[in-house]
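Given next are the chains, with one letter for each unit.
2 protein chains.
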Amino acid sequence: MYRTHNCGELRMDHVGQKVTLSGWVQIARNLGGLTFIDLRDRYGITQLAFNMDENSELCTQARKCGREFVIQATGVVKERSSKNANRPTGDVEIQVHELKLLNESIVPPFTIEDESDGGEELRLRYRYLDIRRNPVKDKLMFRHQVALETRKYLSQLGFLEIETPYLIKSTPEGARDFIVPSRMNSGQFYALPQSPQTFKQILMVAGMDKYFQIVRCFRDEDLRADRQPEFTQVDCEMSFVEVEDILQTFEGLVKSVYKSCLDIDLPELPRMNYDEAMESYGSDKPDLRFDLKFVELSKMKGNGFQLIDSADAIYGFVVKGKESSFSNKDINDLTEWVKRPQIGAKGLIYIKYGSEGIKSSIGKFYSDEQLTALSKSISAEKGDIVFILLGEKEKTLKQLGDLRLEVARRMDLIKTGDVKALWVLNFPLLEWNEEANRFFAMHHPFTSPLPEDLDKMNSTDRNTLASIRAAAYDLVINGSEIGGGSIRIHDRQIQARNFEILGFSKEEAEAQFGFLLGAFEYGAPPHGGIAFGLDRLCTIMQGGTSIRDYIAFPKNNMGRDVMIDAPSAIDEKQLKELNIKIG
Amino acid sequence: MYRTHNCGELRMDHVGQKVTLSGWVQIARNLGGLTFIDLRDRYGITQLAFNMDENSELCTQARKCGREFVIQATGVVKERSSKNANRPTGDVEIQVHELKLLNESIVPPFTIEDESDGGEELRLRYRYLDIRRNPVKDKLMFRHQVALETRKYLSQLGFLEIETPYLIKSTPEGARDFIVPSRMNSGQFYALPQSPQTFKQILMVAGMDKYFQIVRCFRDEDLRADRQPEFTQVDCEMSFVEVEDILQTFEGLVKSVYKSCLDIDLPELPRMNYDEAMESYGSDKPDLRFDLKFVELSKMKGNGFQLIDSADAIYGFVVKGKESSFSNKDINDLTEWVKRPQIGAKGLIYIKYGSEGIKSSIGKFYSDEQLTALSKSISAEKGDIVFILLGEKEKTLKQLGDLRLEVARRMDLIKTGDVKALWVLNFPLLEWNEEANRFFAMHHPFTSPLPEDLDKMNSTDRNTLASIRAAAYDLVINGSEIGGGSIRIHDRQIQARNFEILGFSKEEAEAQFGFLLGAFEYGAPPHGGIAFGLDRLCTIMQGGTSIRDYIAFPKNNMGRDVMIDAPSAIDEKQLKELNIKIG
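Chains A and B supply the protein sequences, listed in that same order. Be aware that the first sequence starts at 1, since it is given in our numbering, and climbs by one per residue. Be aware that the second sequence starts at 1, since it is given in our numbering, and climbs by one per residue.
Some hints here could point you the wrong way.
Identical chains share a label here; the pair holds if one copy fits it or two copies do between them.
Once the Cα atoms are required to be at most 20 Å apart in a straight line, the calculated EDC-like pairs of lysine to aspartate or glutamate come out as [said to hold, decoys possible]: (1) 506 with 571; (2) 322 with 384; (3) 255 with 91; (4) 581 with 571; (5) 293 with 279; (6) 420 with 279; (7) 573 with 435; (8) 346 with 406; (9) 382 with 369.
Calculated directly from the structure, the hints in this document are not laboratory data. The model shown is predicted, which means the values in this text are computed figures rather than measured ones.
Next up, chain A with everything else stripped away, as it sits in the complex (with noise of 0.2 Å):
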């Protein structure tokens, strides 16, 4: 037997056992006649203690105890005479009888504390020493909670988890699959599901009315700094419900998992449309933490300005109280940045509202009491700066939602902490792909269009196709999309006509989606569902940055695990197996 406690859980209440702990030196002080070594494990750090006088031999082996070496110690459980109040085992100690080395440690290329001196790239080479670290030990500990308080959730409402296969079928459409060389079928490959989409679809048809699944999810796309080729999604899907139900129910589980795990109680959760989101905050997962909505300005027009008379969409927001903390070198760089290619917009206009006076970058062609008329108007006050651009609408929407972002991270708008869910309802159908000159789904192509929209699906006109809005949603935290989902098209027809609006020909459908379509016709029920992104949704729970701290062996931007140094190359005879070659 290795331990009788871990290293987490002595008290004053086990003074006087005799007790026996294994774990590894988190370091080992010598002072004078005294040696003090601290054994950490997951749980917790105790203090093991040696005397010199008492027993020399032990001392002088406790003493070649070096950082991360595993040893077991056994001893009595003492009070400590300068005790450890930030230590939930700090009133005590073990004085050590016996010292065995059950493992060596060369000394490791960061040490393992809460604030490392490693960088990224090496912390991910050496991941099971980073893993030892607090900060990432608890992120993947806060993940198994809340795996296991979702499944909790949903079995009691009487969901079944069933698992879909990962070896299924490549479909072109959404992002790219990776791929599978099948030996057995030579010349076929097998694809990794992007998401379980069809098999969860499809288990409605076979009546098994609530599925969930936590599931792992594959895209082998180009990495931006928070997607990783593998990531874990919370999957969902019910029979014979409406919009209202989907919302209700996972309304719920959010609601649910925030308070076991983080005893926050969220509140009744608002709701916006698709297109309030983008006019109020040029966002669909607006960000409530902070106010700055637009408002809509093209009462500006008709003063002879030509660059406003002639915009498509005049919009701008007030910063509250914030007119003296830019000077003119904030602005000047903040113009820069909305210049900037990846925002794309062609300048800034600001109303300084100070107390000495009005300041614009339009006061040549508006007179001061106009810009003070203006700021009143959309109940700007004294002490306030507005910020607005233009251009055509639906570009100047996104350049002022990124706008306001920026602006409110510079002015630290955000309080630590603070939660601000909703859901965001009645997304657009369809996406018109300029380049490819042809509809995309804005969610996938098996999302319903509203029943009060379904006529529209009917028309070749392309503006009232774009204009169908879809039984979709998602559920919007702190600026950040955490799930999705819509209330699916369960009629074969309708769902022919919807691969048809998005450039399918028949023989593609049939090809790609024959299954689904085919089990359509077998009595499909009304069915609708959601995903949670689960790396994410613990990222945001705990108010972090990158989804890669949630997971326990991530990849780096190249897609590569550098910790087993894979993808590898591969024998030339598995190539043969597989009927593949390189090049």
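For this one, chain A is given, so just place chain B on it according to the hints.
Just chain B now, kept in the frame of chain A:
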């Protein structure tokens, strides 16, 4: 809102309530002026009643509903005049006021009933219809429950579920990998994990202490009847443990799952050494639901019968009270059976110890008195029959093990519902492979020898190495291996020596497992674990025969998903992006 209740919950308590149900038409019956529809969903079947006299339009509409149509019915719960005691909802019916067709169905290729008339291929192709049948649906629900209870039990003990990557590195040792070409790292490949073995060991080095994961595993093997290219494992690992800790913990898991999912109290699991299992049952996964224990019969030697006198080993077993159940023809059949190449015995010796006297295939060489004495010496009595095989010891034991199972099947010796679980312990560490002319790891290359056999690792003598026992254990239930594991090597030197014994060059070991050997340098704790086959566990728990029944979307023997028609050809463009060619 599609329903107020599901189709399985209405009882006498609900009589008089207005309810709405949605579901599938199981069957519609027209009885003169009355029409009844059995409405089905996941939860049960409820009878809908329509009366031609009261509402002819509605009744006519009801009569048009074919099998598997999806309908919604609103009406009042009534007590039935003729109740159906076989159905939980059988006391009531719905007097329908409103009927809505939600979706039609064409005629299914087989009926949705407990006894289906579809062959297996047809049922797999229309898996969404197959799952609507109770026997299939119930198995998936059972699997959900087993997984849920497993997670509950392990989480309560402080195990953390940690997800390990699916895109890892190919290792030639063991079974064949599925591989995934990397687009971003041209000419390189990921592999899908055969198990998370190295990652869970890394997690122990990382200090996570107790890990589990219910995880998909992949093996590109030629498929036998009960193998699937992807299958699910309950994967576990613990630090600072010895064999006894692991057995206690996971015996608890198995007992807890049997209790919660089947209400069966398993007794303390017996333990048997590998050597004894082979010697007494000719199998490392003995089925203890029946006896037929082997007896060693070298005492038969010395009677001048060359075949016996020269045999390396002679073993047999007694079948109690079945002397008269074996006709000459039965014995001839069984003799042919053991001579089949799959079994490979040269012949079968029997002794029928009948009430009328003794009869044997070796009667020419042994007197009746000798045969009677022999029979009595192995506790055979009148009415019993003895079967004996001889030849090279190891082969003979295996052949007799196969014969033992076959006799039990033919004699119907297995009581339905009986559960006999045990631990098989102390497997050999190494297995000599004549063809490859080297040792292979019996479990896997990370398995630790028993502490008392550790010294033998330094030997170069083949017999000494072959005699090393591993700290390995298998959980066997009803003759199936449900789980297996071991204490792992945590010392880099011993691990390196093991790779050496297994014929790895230093470079090969480094290339494939360098990250694990590297991790062992930084304070690897003593650790060990186990993995259970979830598909198989579910199958055995319910006395099933095929793991396919417990997989929602299984593949056929060619590794094909016949429902979605995967694997399939992919776009030339995809191959180009991956820089691979077929052929």
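Hints, one by one, checked against the model:
no.	hint	in the structure
1	506 with 571	between (41 Å within a copy, 18 Å between copies)
2	322 with 384	within (5 Å within a copy, 99 Å between copies)
3	255 with 91	neither (37 Å within a copy, 39 Å between copies)
4	581 with 571	both (12 Å within a copy, 16 Å between copies)
5	293 with 279	within (9 Å within a copy, 80 Å between copies)
6	420 with 279	within (19 Å within a copy, 67 Å between copies)
7	573 with 435	between (43 Å within a copy, 18 Å between copies)
8	346 with 406	within (17 Å within a copy, 84 Å between copies)
9	382 with 369	within (14 Å within a copy, 120 Å between copies)
Checked against the numbered hints given earlier, this structure breaks only hint 3.
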